[in-house]
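Participant: In order, the protein sequences belong to chains A and B.
Numbered as in our numbering, the first sequence ends at 249 without a single skipped number.
Numbered as in our numbering, the second sequence ends at 440 without a single skipped number.
Heads up, some of the hints might be wrong.
Claimed, not checked - Between beta-carbon pairs, the in silico distance windows are: (1) B:R340 with A:R87: 46 to 52 Å; (2) B:G316 with A:D103: 37 to 43 Å; (3) A:G81 with B:A313: 32 to 38 Å; (4) B:K429 with A:A80: 37 to 43 Å; (5) B:K421 with A:G22: 36 to 42 Å; (6) A:D103 with B:Q417: 22 to 28 Å; (7) B:K429 with A:N145: 33 to 39 Å; (8) A:R106 with B:A405: 27 to 33 Å; (9) A:A75 with B:G316: 22 to 28 Å; (10) B:G414 with A:V34: 45 to 51 Å.
Worth flagging that the hints you see were computed from the coordinates, not collected in a lab.
For glycine and all other residues, C-beta sits at the position ideal for the given N, C-alpha and C.
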Amino acid sequence: MNSPEDRLLDRLADLTTDAPAGLLDRIAARWVRVDGPLGEMSVAFTDHGIAYVRTDPGDFTASFRARFGRPLLPADRPPAGLLPALRTGRTSGLRFDLRGLTDFQRDVLLAARTIPRGEVRPYSWIAHRIGRPKAVRAVGTALGNNPVPLLIPCHRVTRSDGQTGDYVFGREAKETLLRTESVNVDEMRTLAARGVFYVASDTTGVVCFPTCHNARRITPRHRHGFRTLAQAAAAGFRPCRSCHPDLAA
Amino acid sequence: MTVRDTDEQDAPLLKALREDLDQGFVMLFEAYRGLVFSTALRLSGRWADAEDLTAEAFLRAFRALSGYDADRIGSLRPRAWVMTILMNLWRNQHRDGQRRPLLDLTGEDVEEVDPGESVEAAAERRETGDELAAMLRRLPDDQRACVVLRHVSGFAVSEIADVLGLPQGTVKSHVSRGLKRLRALTEGGAR
Numbered sequence: 001m002n003s004p005e006d007r008l009l010d011r012l013a014d015l016t017t018d019a020p021a022g023l024l025d026r027i028a029a030r031w032v033r034v035d036g037p038l039g040e041m042s043v044a045f046t047d048h049g050i051a052y053v054r055t056d057p058g059d060f061t062a063s064f065r066a067r068f069g070r071p072l073l074p075a076d077r078p079p080a081g082l083l084p085a086l087r088t089g090r091t092s093g094l095r096f097d098l099r100g101l102t103d104f105q106r107d108v109l110l111a112a113r114t115i116p117r118g119e120v121r122p123y124s125w126i127a128h129r130i131g132r133p134k135a136v137r138a139v140g141t142a143l144g145n146n147p148v149p150l151l152i153p154c155h156r157v158t159r160s161d162g163q164t165g166d167y168v169f170g171r172e173a174k175e176t177l178l179r180t181e182s183v184n185v186d187e188m189r190t191l192a193a194r195g196v197f198y199v200a201s202d203t204t205g206v207v208c209f210p211t212c213h214n215a216r217r218i219t220p221r222h223r224h225g226f227r228t229l230a231q232a233a234a235a236g237f238r239p240c241r242s243c244h245p246d247l248a249a
Numbered sequence: 250m251t252v253r254d255t256d257e258q259d260a261p262l263l264k265a266l267r268e269d270l271d272q273g274f275v276m277l278f279e280a281y282r283g284l285v286f287s288t289a290l291r292l293s294g295r296w297a298d299a300e301d302l303t304a305e306a307f308l309r310a311f312r313a314l315s316g317y318d319a320d321r322i323g324s325l326r327p328r329a330w331v332m333t334i335l336m337n338l339w340r341n342q343h344r345d346g347q348r349r350p351l352l353d354l355t356g357e358d359v360e361e362v363d364p365g366e367s368v369e370a371a372a373e374r375r376e377t378g379d380e381l382a383a384m385l386r387r388l389p390d391d392q393r394a395c396v397v398l399r400h401v402s403g404f405a406v407s408e409i410a411d412v413l414g415l416p417q418g419t420v421k422s423h424v425s426r427g428l429k430r431l432r433a434l435t436e437g438g439a440r
């Protein structure tokens, strides 16, 4: 015989339920090893997107745990869109998990994301672009701490003196990547050595960064080099609306 | 179930946690996800809140484990330990939530008792859809926590005392008062 009290206890015991499927993926990240532009790389991702990219497989798990404090489990397959993005070099469709970053770090990376393949921008350009023109050094630090290099192209941010600058995987790797993306690194250096940091066209009246796709189309006959944007402006050229050299002036 | 049984069941889990924290964590999650989620669901009364609480509790468990040495892991009683993390999380979040009640402008808050309300109306407003679950939400926090841990989660009074940091007598009294109130609510609603 069941007393009302017993029935109540039975009904309470029936209130258990299993956790919904997929809850583990809100806690743990997954990782895969895939072919990337610098050879094999390890990629960790969460339900929010790609969180961490490193080329060295050795301490990947340990460094991920130290940085993110989440379990890291093997994935059955790469995150959606990663393989096509690596194949085509178009990474604009990828989702990233940048939750662990400060607003400043996130702004820097999102600005770096806007630099097209085959082009580079100075650190000061990023600083201006995110509304922190004096934070050039901090921009460099934020790019150096990019948790998802190669996929968010921090390698496309270079020194304004024509040198490629530091990189999480080393200076050599940075130069290799830029050459792979058809950046004319040698011309960049030659121009910088001559004191040319901007290139203008007298047919369009536009002044660009040397690697801008608009600058690369200028034939030698119509091409003019400038040390500063002010000099270009004084000569009657307006800043390109594609590469925005006015942002770094 | 005696505490000794639990200890023996936990041996492979603790071994796994010592050998490979990530794989061991998966075992911990698989073993206790239903317990933690059910408890969170009946405490919070909302599915989405229960998911958040469960995910956060296990994440905190992992972060704590990352800093433990093998001896500390070996001496864990994982079931009670994970539930302690959940209960602390719930109590902190709950308290924070009560400090800024203006944020909840949806009118769904049913903390205060409305004796004139029918069970059907009360149940309809709950995401769980279960009238008993809805009535659990009408219990004061301490009573709800003790009733849920004792009769939904199946913890012994002594375990609840450990998990909540309360004297056993207090736990017993919260459980019996909570049950009495629930019975009054169910009988009242069954008219």
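Participant: If a hint holds in the structure, say so; if it does not, say that too.
Facilitator: Tested hints:
{"no.": "1", "hint": "B:R340 with A:R87: 46 to 52 Å", "verdict": "holds (50 Å)"}
{"no.": "2", "hint": "B:G316 with A:D103: 37 to 43 Å", "verdict": "violated (28 Å)"}
{"no.": "3", "hint": "A:G81 with B:A313: 32 to 38 Å", "verdict": "holds (34 Å)"}
{"no.": "4", "hint": "B:K429 with A:A80: 37 to 43 Å", "verdict": "violated (53 Å)"}
{"no.": "5", "hint": "B:K421 with A:G22: 36 to 42 Å", "verdict": "holds (38 Å)"}
{"no.": "6", "hint": "A:D103 with B:Q417: 22 to 28 Å", "verdict": "violated (48 Å)"}
{"no.": "7", "hint": "B:K429 with A:N145: 33 to 39 Å", "verdict": "violated (58 Å)"}
{"no.": "8", "hint": "A:R106 with B:A405: 27 to 33 Å", "verdict": "violated (48 Å)"}
{"no.": "9", "hint": "A:A75 with B:G316: 22 to 28 Å", "verdict": "holds (26 Å)"}
{"no.": "10", "hint": "B:G414 with A:V34: 45 to 51 Å", "verdict": "holds (48 Å)"}
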